[in-house]
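Dock chain B against the given chain A, drawing on the hints supplied.
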Amino acid sequence: MVGTGKYPDNETMVRAIDASGAEIVTVAVRRVDLDRSKDTSVLHHLDSKRFFLLANTAGCYTATDAVRYARLGREAGFNDFVKLEVIGDEETLLPDVQGLLEATKILVKEGFKVLAYTNEDLVTALRLEDAGCAAVMPLASPIGSGLGLLNPFSVRTIKRRLRVPVVVDAGVGTASDACVTMEQGVDGILMNTAIAAAQHPIAMARAMRLAVDAGRAAFLAGRMPRREVAFPSSPTEGMLD
Amino acid sequence: MTDTIDVVINGEPRTIAPGVTLLELLAELALDPRAVVVEHNRQIVRRPALGDVRVAPGDAIELVHFVGGG
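Chains as they are written, first to last, in this note's numbering: chain A, 1 to 241; chain B, 242 to 311.
The set of hints was computed from the structure by calculation and includes no laboratory data.
Treat each hint with caution, since some may be false.
[As the list claims (entries may be wrong)] Derived DEER-like restraints, expressed as beta-carbon distance ranges: (1) B:297 to A:31: 13 to 23 Å; (2) B:275 to A:213: 34 to 44 Å; (3) A:88 to B:258: 36 to 46 Å; (4) A:219 to B:295: 54 to 64 Å.
Every residue gets a Cβ at the ideal spot worked out from N, C-alpha and C, and that includes glycine.
So that you can see chain A by itself, here it is in the shape it has in the complex:
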């Protein structure tokens, strides 16, 4: 899944999304700029029949705001899905768990399919699942940070324990991050800045596609165990005197 923000221009965005192989793209809900002579909607550049448009509640710091934005997003008429963000801190953009749970409950009751952007805490993920989320989206590291997967253990644990799909959202920076993330067994990744802010976004989108496939294949292949000491790969018998 890829985001549509921060690209240098619309043509690059379209070509990068195409190169990534993503079928789900996120969009934000914002005021129309009434002073612009042309409509700046991202829908001018994205084929809504080809891509599944996932509206987000980016920029919302309260459950009330997030619910308001989710309803507006749904009213655009594409689907009942929402990538729910309720932010608790402006510097790190880490989620406000209380607000997230509150908004989830309200939106689930209204028939939304809620994909909740959450932190690395297993208990929070379990509570979100109990509240009716369609998927949980633990972060790899802060949004736009490019720090990669800071806590593989927590993401692995969340995937192991939850019944709903787990899609890592935020913080992936380059291909190896995406590969390592998929190796934890998660169902997918949502990334935006990693592609949009690369020197060559289209090339990075291609790399990410390969990385996601590689990570998933490695996970399914069942990696060898880690060990703290060496185990020789060549036989120890038959050595010369």
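Chain B alone, transformed into the frame defined by chain A:
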């Protein structure tokens, strides 16, 4: 009888003709109703109803759409 009324559109005060419908307002602003979601005094107005809702003095109208985002 006033010739215009004061409303707030997307956070900005504006003067418009009294009694226009939301649909007419979108047309005046050169906005395609299919590309915009309308919130009128904190209530979403569904597309088919845009022609039925008349704007009153002091109304707060939000016109939103999808933009790029993560």
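Consistency of the hints with the structure:
1. At about 21 Å, the beta-carbon gap between residue 297 (chain B) and residue 31 (chain A) stays in the expected band of 13 to 23 Å.
2. The beta-carbon spacing between residue 275 (chain B) and residue 213 (chain A), approximately 37 Å, falls within the hinted interval of 34 to 44 Å.
3. Between residue 88 (chain A) and residue 258 (chain B), the C-beta spacing of about 44 Å keeps the proposed range 36 to 46 Å intact.
4. Separated by about 58 Å at the C-beta atoms, residue 219 (chain A) and residue 295 (chain B) satisfy the suggested range of 54 to 64 Å.
Taken one by one, the earlier hints all hold for this structure without exception.
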